[in-house]
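Peer 1: Assemble the complex: chain A is given as a structure, and chain B must be docked to it using the hints.
One letter stands for each residue in the lines below.
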Amino acid sequence: MAMQDTRPATHEAIQQRIDQEYKWGFVTDIEAESAPPGLNEEIVRFISHKKREPEWLLKWRLKAYRGWLKMKEPHWPNVHYAPIDYQAAIYFSAPKSTDAPKSLDEVDPELLKTYEKLGIPLKEQEMLTGVAVDAVFDSVSVATTYKGKLEEMGIIFSSFGEAVQEQPELVRKYLGSVVPQNDNFYAALNSAVFTDGSFVYIPKGVRCPMELSTYFRINAANTGQFERTLIIADEGAYVSYLEGCTAPMRDENQLHAAVVELVTLDDAEIKYSTVQNWYPGDKNGKGGIFNFVTKRGACRGKRSKISWTQVETGSAITWKYPSCILQGDDSIGEFYSVALTNNYQQADTGTKMVHIGKNTKSTIISKGISAGKGQNTYRGLVKIMPKADNARNYSQCDSLLIGDRCGAHTFPYIDVRNRSAHVEHEASTSKIGEDQIFYCNQRGISTEDAVSMIVNGFAKEVFRELPMEFAVEAQKLLGVSLEGSVG
Amino acid sequence: MLEIRNLHARADETPILKGINLTVKAGEVHAIMGPNGSGKSTLATVLAGREDYEVTEGSVTYDGEDLLDKPAEERAQAGIFLAFQYPVEIPGVSNSYFLRTALNAIREARGEELLDAIDFLELARDRMKLLKIDDSLLTRGVNEGFSGGEKKRNEIFQMAVLQPRLAIMDETDSGLDIDALKIVAEGVNALRSSKRAFLVVTHYQRLLNYIVPDFVHVLHDGRIAKSGGKELALELEEKGYSWIEAEVAAS
Chain A
1 MAMQDTRPAT HEAIQQRIDQ EYKWGFVTDI EAESAPPGLN EEIVRFISHK KREPEWLLKW
61 RLKAYRGWLK MKEPHWPNVH YAPIDYQAAI YFSAPKSTDA PKSLDEVDPE LLKTYEKLGI
121 PLKEQEMLTG VAVDAVFDSV SVATTYKGKL EEMGIIFSSF GEAVQEQPEL VRKYLGSVVP
181 QNDNFYAALN SAVFTDGSFV YIPKGVRCPM ELSTYFRINA ANTGQFERTL IIADEGAYVS
241 YLEGCTAPMR DENQLHAAVV ELVTLDDAEI KYSTVQNWYP GDKNGKGGIF NFVTKRGACR
301 GKRSKISWTQ VETGSAITWK YPSCILQGDD SIGEFYSVAL TNNYQQADTG TKMVHIGKNT
361 KSTIISKGIS AGKGQNTYRG LVKIMPKADN ARNYSQCDSL LIGDRCGAHT FPYIDVRNRS
421 AHVEHEASTS KIGEDQIFYC NQRGISTEDA VSMIVNGFAK EVFRELPMEF AVEAQKLLGV
481 SLEGSVG
Chain B
1001 MLEIRNLHAR ADETPILKGI NLTVKAGEVH AIMGPNGSGK STLATVLAGR EDYEVTEGSV
1061 TYDGEDLLDK PAEERAQAGI FLAFQYPVEI PGVSNSYFLR TALNAIREAR GEELLDAIDF
1121 LELARDRMKL LKIDDSLLTR GVNEGFSGGE KKRNEIFQMA VLQPRLAIMD ETDSGLDIDA
1181 LKIVAEGVNA LRSSKRAFLV VTHYQRLLNY IVPDFVHVLH DGRIAKSGGK ELALELEEKG
1241 YSWIEAEVAA S
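The listed protein sequences derive, respectively, from chains A and B.
So for the first sequence, the numbering used here puts the first residue at 1; every next one is plus one.
So for the second sequence, the numbering used here puts the first residue at 1001; every next one is plus one.
Mixed in with the good hints there might be a few duds.
To be verified - As a list, the in silico DSS-like pairs of lysine-lysine whose alpha-carbon atoms are at most 30 Å apart:
| id | chain 1 | residue 1 | chain 2 | residue 2 |
| --- | --- | --- | --- | --- |
| 1 | A | 460 | B | 1129 |
| 2 | B | 1151 | A | 431 |
| 3 | B | 1070 | A | 431 |
| 4 | A | 387 | A | 352 |
| 5 | A | 460 | B | 1132 |
| 6 | B | 1129 | B | 1195 |
| 7 | B | 1070 | A | 476 |
| 8 | B | 1151 | A | 460 |
Keep in mind the hints are simulated off the structure, nothing from the lab.
Extracted from the complex, chain A is given alone in its bound form:
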């Protein structure tokens, strides 16, 4: 085993596990639908091979993997969990029919049924909502709609795997250009083993006429999910992208470490909206998804804009900071967030706004809601670099507490290196009062509906940023997520 030499001694435990796998007689079986549990260079090669990737991408993955081996799992977030056994996870699992379907008719009806249960009837969506859906089931794309219509405009909206085959130059140019392979522990892990995700390219001057939407779902047991999303808006282009997630019940904690990279060139705009509703674990804190995500956008061009809107209600642990690197002069970064933690959920989320160009502006609106024994942390960085003349930032972080066993924490970091900067930060913490509940009760509204209504009012500024259909869904989601939080 040649790779033994490159592995540092500190990874003795990992090495032992790898050796063990070999004892079991694992050899790369390219016909296999799933990889055996565990992670080593063979697995990385296996994934790359399964995806029929070019050599440069395999090398890219291996570099990420070797970097990852030297990295330490971060423990600075304000979250607590039992150690993750990275060697127990399966890093590649595909549904049985791996050939990409050309239309919905070719999709396994069982898969479609599952989506219907999740409230995503593809056919209806195609007909009624005008939303193009790139559905990721486990690790392989199973359905892509509206592709034809978008293609006419030169818009590329495909699975990541397809993009690697069909748009190798674009992928190679931008992949890792915003989130480098070894940016952080989870980004490195993702870069080594990502299986699929979405790719979007909007050509110069094109305004994407519909919301592009991807639904992710974890299906097979013990399958780590490592999505990779890359969105590029060329000069003067605009796109609104929706990402929604749901996950079924399960007992074991699951790791979800996605990487999303956004790039806007001159005068381009990307609006990226997320509703995250992964399985949060049960009422006693058992199970649930570990959602450790790296999302970052680079406003490369002048007057370009990136806007993140997220509604985070799911996952046992959420750890993410959708960020904006404001490189182009007059570029704009926005972050609107609602994070809800109930029962034993923990969230450490926020954003980073890095002002590099002149006259760059950023806005941060964060609404944290804690119920049950949930712990909610806002962590944000506003960094004004020396050349960012006349940079502006406005941050507002509000926390709402429901009950007296939950927690809200705020860690705003402000780093200003240019005297002309204007940085404003406002924060508030409030509690749903018995007076408010009684007022609603007295008007005939049940306590549960009252809480849902008060919370939705609190989060309104963020919901306003969501596309219409998503806003309605998100409001319902908050109500559902808070069920039983007031007894």
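Peer 2: Using the frame of chain A, we list chain B on its own:
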């Protein structure tokens, strides 16, 4: 409609209501007066179902049913409305959304058809005319940034939309100037009907010039010390509350 028998209630360990007896029939307007701390607001709040108060003795029946068994929302659904002395703010929730949710919760409990946004708006606009309220009130957050007068008017507006059978008004006149007071009173008078009863809790006689009561009760130390017609209110205005206290002490 409402039968209060020997009602005792306390907050924490402090007894506040010490044996209230009161009968209210449909179509009647009862004024509850009394000095500060006599238990007026507590009576209003206990009837509405706030759990901060513990009923230690006595009974309340509404339409022949035990009222004290029911949680606040069921009382509201059964047609009891409390116009709050201090209406709370619910930031970000529009008045129209709030009120439609309330109205539909009540209608649902009664097995009636729910109102959609358009039908609701029609109803709300109609009621706003009655109270000379500006349309913008509907889109603003519930009591969010309202002046004292706007809050009180909003309470009466809600009452006009929800059409309760028993309306309890807790010091609705406090903090209102005379013009606002008149508008509120006009609204209430427009809602008076043979099927609806009012319990008007007030410290001052002033309101009763505009909402003329059928009965006036004076609360003193958690009991009704004196009951009479509308002239009793005028007598209180003239003499203050001390003579009632003296009467109670003498008996």
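Peer 1: Now, for every hint given, state plainly whether the structure supports it.
Peer 2: Now for the hints, and whether the structure bears them out:
As the CA atoms of residue 460 of chain A and residue 1129 of chain B are separated by approximately 29 Å, the hinted pair is consistent with the 30 Å bound. In summary, the hint linking residue 1151 of chain B to residue 431 of chain A is supported, as the alpha carbons are separated by about 22 Å, within the 30 Å threshold. Taking the CA atoms of residue 1070 of chain B and residue 431 of chain A, the gap is near 26 Å; set against the 30 Å cutoff, the hint holds. Between residue 387 of chain A and residue 352 of chain A, the direct Cα distance comes to roughly 18 Å. Compliance with the 30 Å bound is thereby established for this hinted pair.
Using a Cα cut-off of 30 Å, the hinted pair residue 460 of chain A and residue 1132 of chain B holds, with the two alpha carbons roughly 29 Å apart. Note on residue 1129 of chain B and residue 1195 of chain B: the hinted pairing holds, with a Cα-Cα distance of about 22 Å set against a maximum of 30 Å. For the suggested pair residue 1070 of chain B and residue 476 of chain A, the alpha carbons sit about 28 Å apart, so the restraint of at most 30 Å is met. For the given pair, residue 1151 of chain B sits about 22 Å from residue 460 of chain A by alpha-carbon distance, which is consistent with the 30 Å threshold.
When held up to the earlier numbered hints, the structure conflicts with none and fits them all.
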